[in-house]
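J.: Listed here are the chains, written in short residue letters.
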Amino acid sequence: MNEPLVELERVTIRFPDERPVFRKPAAWIRAVSDVSLAIMKGECLGLVGESGCGKSTMGRAILKLAPLYAGNIRFMGEEIGRLGEKAFNRYRPRMQMVFQDPRVSLNPKMTVFRILSEALHLNAAVEKTAYLEQAVKLLDLVDLRPEHIYRYPHEFSGGQQQRICIARALATDPLFVVFDEATSALDVSVQAQVINLMKALQEKFDLTYLFISHDLSIMAHVCTRVAVMYAGRVVEVREAAALFESPRHPYTKALKNAVPVADPEFVKQLGILKGEVPSLSDPPPGCPFHPRCAYAEDICKKEVPGISPLGEKSWVRCHLHEQLWNLGKLGNRKELS
Amino acid sequence: MYSSNPARHTPASGAVLQVADLTVAFNTPHGRAGILEGVSFDLFPREILALVGETGSGKSVTAKSILNLIPAHLREAGGRVLFQNKELLSLPEKRLRAIRGRYISMVFQNPQSSINPVFTLGEQIARLINLYLPGRVARIKKETGCSRKNAVKAVAEEKLKEVGLTDIERLLKLYAGEVSGGMAQRYRIALALLSYPEILIADEATSALDVTVQAHILQLMKNLCQNKGTAILFITHDLGIAAQICDRVAVMYAGRIVEIAETKEIFRNPLHPYTSGLLKAVPKPGKDEPLSFVPGIIPDFVNAPQGCRFYDRCDRAMEICRERKPESLNIGDRHVVSCFLYGSGAQKR
Amino acid sequence: MKARADSYDMMARKVSRDHRKVRWFQLRRLLKRKITFLSLVIMVVTVTVALMAPWTAPFPEQGRGAVNLEHRLMPPSSNYLLGTDVYGRDMLSRVIYGARISVFGGAAIVFLAALIGVPLGLWAGYNEGVSEIVISRTVDLVLSFPAILVAMIISILFGAGWFMAIAALLIGWWPWYTRLVLGEVLSAKGMLYVEAARMLGYGKLYIIFHHILPNIMTPVIVMMLLDLGPAIIAIGLLSFVGLGTQPPNADWGLMVWEGAPNILSEWWIAIVPGFAMFIVVIAFNIFGDALKEVLDVQQ
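Chains as they are written, first to last, in numbering that gives the first Met the number 0: chain F, 0 to 336; chain A, 0 to 348; chain Z, 0 to 298.
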């Protein structure tokens, strides 16, 4: 029925801690550990977590901007994780990325036309002579005017710049778009505009999205399903609204409690999560969250939790999730860590 | 509906900081850019006032102008900033330096870049402790008979514990680049509070931090305000923060304060079209309704419009809004708004 | 469907036309300020006159070195507009011929040093690893010797003359560009637009030349313009010690030295070439500054 467009199977990505030239690195940073995730065709999957959790790395790995250490990545059923640069080229038009800070993701010395042309180069259906016309069409899609085509990026506002980035992503006629913190650098009112545009485009062109962000608040507005990451592992995957209403992982709950809600009636004691994010070069054994988890038990310190399915395409990685749920520790009550 | 006795906004007494008609312009190669236009607000002791605005609203410039941190040759400033009955804008640099850090402290967005990278954290806090708390150090020396160095260290440990830092012995030996953002920002706040300042200005102090770390720091600030009576001016673009810890909210747009009210009041009853537009654009976690936004962009500061700067983007704009600038009016109980929809200039709808 | 396509095409063409107008205005802006225009004029005049030396110099043979002993040490007059030197040669002609070596030589050094140094810096900076180590150490090695010393040694080994002088100075000059570029490339590499280009599948060479190079050019151009003065002087310095330009050829540096003993009495012999150096260097600097402002499209 509905098939996964992108599949990650037990993906592990690591980076050397330093890069000595003449010998092997001594320490490795495990940016992503043993992640399995399926992104279904037509959905918008959210990937949320704090800094250093590996979400950006994961997005980049799909587009071959980060090296895969172990595991498989499949696109439309075809294995792409281990392909060389040249072999991967035929997949490039099909998957694109919109980066975080539009002020630096657009070359300041290139005109908008040049930037879009670079991307159009990958679109086999468009001839060189038609680049200008196609570029104007793309700008129109993101609500920018044709006069803007020969301007430089710095002549635009943040929201407009990000829309140019979206136009660039669409230029290659992709099936899959990754948004890496694409709205984080924008003002609230502009963010809303960009998100509305994203959703409209998804409908119009039947696209599949991976939306990466640290901001839990916008997840439900944008995504159908959301995955929560902590220290390189995915700890929970749920329907967007359900994730917020009834988190099943203690970290998700802590994250939710920490987000300040723009509603003074909803004043709550902001949940304080003790401790610091673990070092990724020397992660604690077992569940990576156990040093900070209020409910950690012995098993959490020894074994990495397996995947516990919770229903259609939802699951959680926690030894104690069943008990915690039954005890009401994860619910909407004032109960905090 | 709102013409019930609107009076011109006048600075209140009892305020620890009074900003009246602050106007700042920058001289750019393109001409004179009017960045701040008649910004007025008061800060009372024991309260947290949120200064909310988006990029280009002028909130950072406001904060920096209070402490006169913008080089004089780059700007022209008008209006009054009163602190302890002293006019800060015209104070000579030497007297200002005595106030900065001691009575009015400031914490910035990026903690690592506001800590001197050349000295260890221990060295920096020691210097400030010797400067602001010599009596404390002397007392500890007398009581425990230890060396001056150890007395200073004891004070440092106490102060850093207050902001929630742990493993302080090790921390003091580190440099700015070796600690995480959260720890650095907490350290920076501790430094800012050493002198028991009357006012703490936090300029996007949590924007660069993870949300769980931010929760810590926001809680810390709230405790500070309640326990030590420090007045906090919290500058942010995040309405969530404003809602959760601030007592009053001042909304800025394009260099002007468009609305000030108590937090509950402003969320329940936003008067200015920009405020209500902003509130509608804020995502509500867990909901998936489409977001509304405020169309348009901020006006050019060099060729600023003659009338209200929000005119182009306002869905309730009137003729008068294009021609003249609205004044600040008191509506009801401590609710100030700057808009022609209210007051004697209001048209019958 | 067709109508829509047509309208897009029309929009695009209109934009093209408008854009060409804008470019023209930008060029005019560069020359708007009088002093920039003046600098440009000086530069163009200097180059043209030097190029056309056989026709612009009033006494070309004297410019090339022929002596004219009856008219030695004459002050500026109607015949000899800038006076004559120790050998009676017309100063104006000497200066014009001197410009050929001084200005073109200086420009050659700077230009070639950049041509060698910048690509090396780009390569080392973008690739890092072994290339970076090898190139960096080479740069360090060459820079540890004073450029003049290196030039002198090479001149001694391979002979004197202006060509050797330029080649020798070049060897000591290129590393400065590599070092400048290296730092810039390391920071440009980390920019998101580079990552975006990689995502689009573009290769190393394309990224280096189309994404990195344009963004590091400004400091390189500034360095080139500021180096021109020292290059001209360096050529002259080598001539002082007899290793550069050999008489009867002359460059401005050599002429200043030749005129130094008589500076109190026949001041024009040393001052005229010195002043020429001064004017040309200033003109390049002023024009360079203006160019930098225009190139730096970001405010």
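For the record, the hints were derived by calculation from the structure and aren't laboratory data. Keep in mind that the hints are not guaranteed to be accurate.
As the list claims (entries may be wrong) - Listed next, the in silico SDA-like pairs over lysine to any residue satisfying Cα-Cα at most 25 Å (straight line): (1) F:Lys-127 x Z:Lys-188; (2) F:Lys-108 x Z:Asn-284; (3) A:Lys-63 x A:Leu-130; (4) A:Lys-324 x A:Arg-31; (5) Z:Lys-203 x F:Leu-121; (6) A:Lys-283 x F:Glu-42; (7) Z:Lys-188 x F:Arg-113.
Stated by the list, open to error - Calculated from the model, a selection of chain F residues having no Cβ within reach of chain A, i.e. all distances over 10 Å: (8) Asp-33; (9) Asp-139; (10) Pro-290; (11) Glu-296.
Bear in mind that the values here come from a model prediction, so they are computed numbers and not experimental data. Built from N, CA and C at the ideal position, the CB exists for glycine as well.
J.: Please verify that the nearest CB of chain A lies beyond 10 Å from F:Asp-139's CB.
T.: Consistent with the label, F:Asp-139 stays out of reach of chain A, its closest Cβ about 17 Å off (over 10 Å).
J.: Given the hinted pair F:Lys-127 and Z:Lys-188, is their alpha-carbon gap at most 25 Å?
T.: 28 Å, violated
J.: Holds or violated: are the alpha carbons of A:Lys-324 and A:Arg-31 at most 25 Å from each other?
T.: 19 Å, holds
J.: Checking one constraint from the list: CA of Z:Lys-188 to CA of F:Arg-113, max 25 Å. Satisfied?
T.: Distance ~20 Å between Z:Lys-188 and F:Arg-113 Cα, so the pair holds.
J.: Check the non-interface label on F:Glu-296: least C-beta distance to chain A beyond 10 Å or not.
T.: 22 Å, holds
J.: Please work out if A:Lys-63 and A:Leu-130 have their alpha carbons no farther apart than 25 Å.
T.: 23 Å, holds
J.: Taken at face value, is the distance from the CA of Z:Asn-284 to the CA of F:Lys-108 at most 25 Å?
T.: With Cα atoms ~23 Å apart, F:Lys-108 and Z:Asn-284 stay inside 25 Å; holds.
J.: Taken at face value, is the distance from the CA of F:Leu-121 to the CA of Z:Lys-203 at most 25 Å?
T.: 17 Å, holds
J.: Classify the label on F:Pro-290 as holds or violated, using whether its beta-carbon is more than 10 Å from each beta-carbon of chain A.
T.: For F:Pro-290, whose nearest Cβ neighbour in chain A is about 13 Å away, the distance exceeds 10 Å, so it holds.
J.: F:Asp-33 clear of chain A by more than 10 Å, beta carbon to beta carbon?
T.: With a cut-off of 10 Å, F:Asp-33 remains clear of chain A, as the shortest Cβ separation is near 23 Å.
J.: Taken at face value, is the distance from the CA of F:Glu-42 to the CA of A:Lys-283 at most 25 Å?
T.: 21 Å, holds
Of the hints listed earlier, the one the structure fails to meet is number 1.
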